[in-house]
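When you get a sec, could you build the whole thing from the sequences and use the hints?
Those protein sequences? They're chains A and C, same order as listed.
Just so you know, we're using the numbering used here here: the first sequence kicks off at 185 and counts up by one.
Just so you know, we're using the numbering used here here: the second sequence kicks off at 185 and counts up by one.
Hints listed in this document are in silico derivations from the structure and should not be mistaken for laboratory results.
Copies of one chain are not kept apart here, so a pair can be met inside one copy or by any two copies together.
The calculated SDA-like cross-link candidates involving lysine to any residue, where the alpha carbons are at most 25 Å apart (straight line), are: (1) Lys514 / Val404; (2) Lys547 / Glu438; (3) Lys514 / Ala441; (4) Lys514 / Gln430; (5) Lys406 / Asp471; (6) Lys514 / Thr443.
2 protein chains.
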Amino acid sequence: MSLNNAPKGEALAAALNVADAQFDSSLERLFALLRIPSISTDPAYDGDVKRAAAHVHDELESLGFNVTTHATPGHPMIVATWDKAAADGPRALFYGHYDVQPVDPLDLWDRDPFDPVVEARADGSKKIIARGAADDKGQIMTFIEACRACIEATGTLPISVTVLFEGEEESGSPSLPGFLDAHAADLTADVALVCDTNMWDHETPAITTRLRGLFGTEVVIKAADKDLHSGLFGGAARNPAHVLAQIIADLHDENGAVTLPGFYDGVAEVPDEVMAMWDTLNFSADDFLGAVGLSVPAGETGRTALEQMWSRPTLEVNGMTAGYTGQGFKTVLPAQASAKISCRLVKGQDPDAIRKSFEAFVKERLPADCTAEFHPHGSGPGIELDISGPAFGAAKQALTDEWPRPAAFTGVGGSIPIVGAFQDRLGLDSVLVGFGLADDQIHSPNEKYELESYRKGIRSWIRIMHAMSGVSPVAV
Amino acid sequence: MSLNNAPKGEALAAALNVADAQFDSSLERLFALLRIPSISTDPAYDGDVKRAAAHVHDELESLGFNVTTHATPGHPMIVATWDKAAADGPRALFYGHYDVQPVDPLDLWDRDPFDPVVEARADGSKKIIARGAADDKGQIMTFIEACRACIEATGTLPISVTVLFEGEEESGSPSLPGFLDAHAADLTADVALVCDTNMWDHETPAITTRLRGLFGTEVVIKAADKDLHSGLFGGAARNPAHVLAQIIADLHDENGAVTLPGFYDGVAEVPDEVMAMWDTLNFSADDFLGAVGLSVPAGETGRTALEQMWSRPTLEVNGMTAGYTGQGFKTVLPAQASAKISCRLVKGQDPDAIRKSFEAFVKERLPADCTAEFHPHGSGPGIELDISGPAFGAAKQALTDEWPRPAAFTGVGGSIPIVGAFQDRLGLDSVLVGFGLADDQIHSPNEKYELESYRKGIRSWIRIMHAMSGVSPVAV
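Have a look at this one:
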């Protein structure tokens, strides 16, 4: 009873029905993947990482995908294509990762991290507990199971799909950039779908459209050629800790704005309609900051906390050290003082111009007998995806159809390197959709994924693929 | 042929002659003491420390001193008295220590640290090489051998003397304060002589009359209850490293002066005649700072480097730390930032008032969500000895008679705790005379003491004791 040539609405309904009907077996298949301890950073688990790669390879092949497992200097990369789409819609490149974080400290887990279980909570919710449940095995399985439901219901997918699964995401994706360059032709698509992010809350799905970039550097201020006795030299010798403190103090004005010349060049204000959308999110700065013991948004005055985190660039000291920092006291004048400083950047800022401005700012403030060294740590620009593109609109509507509350376009204050890599190396914008929640404890003991995230996540991808099938490839 | 009742000039000349005549055996006696590895901080050497105590006990007893070795919770304290002075002069309490620093790293020594030798250098100078040669065995032996020469020449000493030798100086003198309190009656004197300091240069003897005190504290600024992800929270969360940097920057003005309210209360200007004396020292800030890679006195503008180090108080960061300080980068917002800060104080400043002012200064600058903790490290006031006292004048003249250039009243930027302890617990001012040189490598490999320091040091004490014998006890 193929619905291959059925009208679109029927095909969607049929696929959703199949997904619901086989949800228990979808869960079993997720559990099978969760049982493989594919910890990519620990060589002791190399065999398990290979086993997880083979497992997802076989899953995709059994669905009818054309699958290739590519060896890399690290862990295998899996590319699977489905070229028999029902419609002449766009091709989507779906990205996720099958590796997981280490589980230490193991004694803080309530159970074996690789023996998944569904637990019911007092509030009626059910959680899938396991390492990788949310990051990222649960998320990639929402897509695989969505494909399964579509194929079982209609014999094919609503759009052409290329799947790219890597096994090194938790190790910094060392093989990915080279792989994208070498296989760009195999990865041609109209839009990327990345499933490694969160919902806004358990009722509100989200598409992440703003990601901040990064510029990081370590500055080392040196004065005397060794630590000096503060009795013997104190008063006459330059103290580089004071010099560094003055520079750090100078980097912000009394309104919390960064004083580096040119820092805000190219930074655009958030459009009114986006601000209006953020207002509907009912974000509580009190709750967000209260959870970590804070109460007052501390950044630029006159900005909401969401602006401060999503649309405004920052400059922060991540670490600093000088002189004696052990137990007790040592009355030395430090020979050097250093700080690790990074900027979160937004679209329009040029990381290299900011690096130059920072270095000039420091050098201008060096008194006699001081030198400065800089050790840049890597950088990438901020990203703001064009939400007016039809793929974004289609995904937003599809998510809104599935969940209790309308989907939101949100930001994240950090970076998701794959998004920049897809832009730079494949020329692809990413639609970032994920069903994680802020309390999923990813990277921590007792990681969980809401059973509802898994169920409605599968249904969401069915809806998104169907919605995108009506999008012209040119318009994406 | 006793000169017990000879005129003073003859007694002095006779003692100097004896000192010169027996200098080779004086050196042998110093070597015997240097061969005992009396490292007080290392329990493995406890037996050797005891042996060194017994050795100096026996030396003093053989000269005719009335000697008592007192057990302490740590190493023995030796008290020896000579009550048969030739004149009704004052009683001097002579202080030194028979323990030494550890010798690590041993491979940086050119020879066994406890196998003393005299080495001739290309410039014609001769150096006694051994651990403790300068700090402090060579120095205490100048006094013992001076006493020996006086006693052999005249049968007695020019003044009454109490000797106090401790064996814990290199371990922080834990037993000393309690011992001074318990034995104050046995230690009654008119003036203290402390032999643990340096000459100004190899031709210019020095009496140290200014010592800076210390106030130290660690300040810890806390904000969030844990380190935060700088992407997720950056911009909205308070960064305590910035708060600390601003506070440190605020602690000095653009002229290098400390901005703590009341900091300079009680600080006197150096009298013109003392400034004039310092000018004759031909101190070269270029040489002093150049030796450690610096060129410009960095403290208060309008002050000479000697003022900055001897007569002006300081406030310096000795250490600071926040966030991630290891290799590479970690983009955290630190939960806390801390600094170890100490002030070198001069006479007139109240350490407790400065502690209160510092704590208020920090608290006034704390933004919302920040707290400050303070961990004071101990404190002591600055000391300025009254150089108008006759004992100072007598010692200065005696030293001037012995050495190529006139003796100088100098300062040291650091503290010598025994001076404060003698003031507070025994009511005694200390005349600080020593024959070390800045390049003696005390506490370091290849410690040395100039042979000339030893020879003229012995002669200097003979002259000082004779000069002081003319000083009225009341006037001291």
